[in-house]
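Undergrad: Read top to bottom, the protein sequences are chains A and B. In terms of my numbering, the first sequence opens at residue 425 and continues consecutively. In terms of my numbering, the second sequence opens at residue -9 and continues consecutively.
Rather than coming from a laboratory, the hints here were simulated on the basis of the structure.
Covered by chain B, per the in silico footprint, the following chain A stretches (three or more residues, Cβ under 8 angstroms):
| no. | segment |
| --- | --- |
| 1 | 512 to 519 |
| 2 | 564 to 571 |
Here are the simulated BS3-like cross-link-like pairs (lysine-lysine), alpha carbons at most 27 angstroms apart as the crow flies:
| no. | chain 1 | residue 1 | chain 2 | residue 2 |
| --- | --- | --- | --- | --- |
| 3 | A | Lys567 | B | Lys170 |
| 4 | B | Lys14 | A | Lys567 |
| 5 | A | Lys447 | A | Lys490 |
Beta carbons are placed, not taken as given, at the ideal position from N, Cα and C, and that holds for glycine.
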Amino acid sequence: MPNVHGEEIRLEKLTKRYPNTEKDAVKEFNLTIPAGELVVFVGPSGCGKTTTMKMINRIIEPTSGKILIGGKDVTHTPAHELRRNIGYVIQQIGLFPHMKISDNVATVPNLLGWDKEKTKARVNELLHLVGLDPAEYGNRYPKQLSGGQQQRVGVARALAADPAVLLMDEPFGATDPITRVRLQKEFRALQRELKKTVVFVTHDFEEALLLGDRIAVLSEQSHVEQYGTPLEILSNPATDRVKSFVGDAAAVRMLALVGLAGIDVLPGTPATVTVPESSTLREAMEKFISGADSINIGTRGHLTFDALQDVIAKTRAAAK
Amino acid sequence: MAKIKQPNLTAGSMYSQSARLIFKRNRSLLVQPVLILVILGIMMTYIHNHKLDIIEKVTINTKFIFKAIEDHLILSFSAAAIILLIAIPGGIIFTRPKMKRFTPIALALANIGQAFPAVGLLILAGIWFGFGKPVAIGTFAAFGTLPILRNTIVGLQEIDPFIVESAMGMGMTPGQALRKIELPLAVPVILAGVRTTLILTVGVATLGVFVNGGGLGMLIIPGLKLNRQIVLLVGGMLTIIVAFTMDWLARLAEEFLRPRGI
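Construct the entire structure; sequences and hints are all you get.
TA: See below:
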């Protein structure tokens, strides 16, 4: 089945005030999320990031403001129609316990009235996509699966009708650390292929760095402190709040974000230690810390420690 | 290439559970009918070994007893049917977001219905609305509404809110979420309420005799008044047998209708 790529999301002066409260939970939130990008909303708990995300599919109705998806104003589209075109994954997963895995995944296709054969084929395709064998898992019930497997089903269910937009609220937050890292990496690979427009909410900055094409750092009332690529945010935090969120080791974290493929290297490969071109500056730095004087970058050339420092300085300057 | 077995995608099998599995899991479901038969046997033996006098013969005969049982079933089933029609929709309405604030009022009303002494309620209704089966049925319905109403409300409220949120997030309308997700998940709790109500109505239906409604009270009350122990005992035992049978049928329904996976 052809894969629908993402559409741009534009949020204009989006505001939410709950009844009987003094101030807005989300105040005049403006943001444009480019088509096909994964944008992470990151911020302390209670900052309104989840509320903001849930206003996009109107699980929470905005008090005022506008939502545009693919240029179309959907602020007043009937909510259930809007939601059938937006994938939705939440931390609590929310699989339907009385339905088999295959029926859970088929939820939106069934709502859209797809014919049986098409739905069945799509369900099998999706279960394969998230790494679950349909023959083995399709007929099981959610409680017969582990937490990690359940969240894979959650992702498959959200993708079932091939929506352009995907909303994810701390989807991997409830899984154990090992499963979480594996799910994050798998999802990153999946997203590179699918190119959906994804809004991803987390309070885990590491996760934001790993997954985000862009990161929006939010503070109270969903105020945007900074909106930029992970590299931009690490190398040039815009405000003190962002700085405190990024933490001390910004430069070290940045190393993991820069691949060796694009950097300037010295000619020749005279060193005894070699790192593949597909690795990042972090692996290169690792070799220096463990005692190498110089390292080969695949067969393309080599780096000394001074040359590596130049590369880091240049990268930081470029990000600013 | 070997054909890969495709998973069955039909939702029709949602409720089907093999009967053998259910009885295996729940042995007491087999014990209950045996118990019913034992009570029945004791009663029959007792009647058989007793020489009936002329007063006893008026009530202890097949025609009279079957008529009493029939009336008793009409009374309790009609009341239960009215309750189902009121209490389940009521429970649904009072759990919808817009009506939630009225839930305590509805529960309070149902509580009053049950807290009233059944005999008093019945006699008052008889004086106001006249005697006969309809009045008896109406009173029993008021009396037995609480368990189903309460269980429908509780069953729906107990559902993990994130399951409902994800149903809405998938694009279900509130009605679809109710039909496909909320009600099936609340079925076990609702059916437990149905069972309680059935037993309750079978019990109070013995009072139907006070407003000329018939039922097994036709044996119990004369048995007491005329001091005929055998009449009293047969009436009491038959009430127990009917109640036990209802309970058993309702438990079977609970087992078979419970959705799999929960």
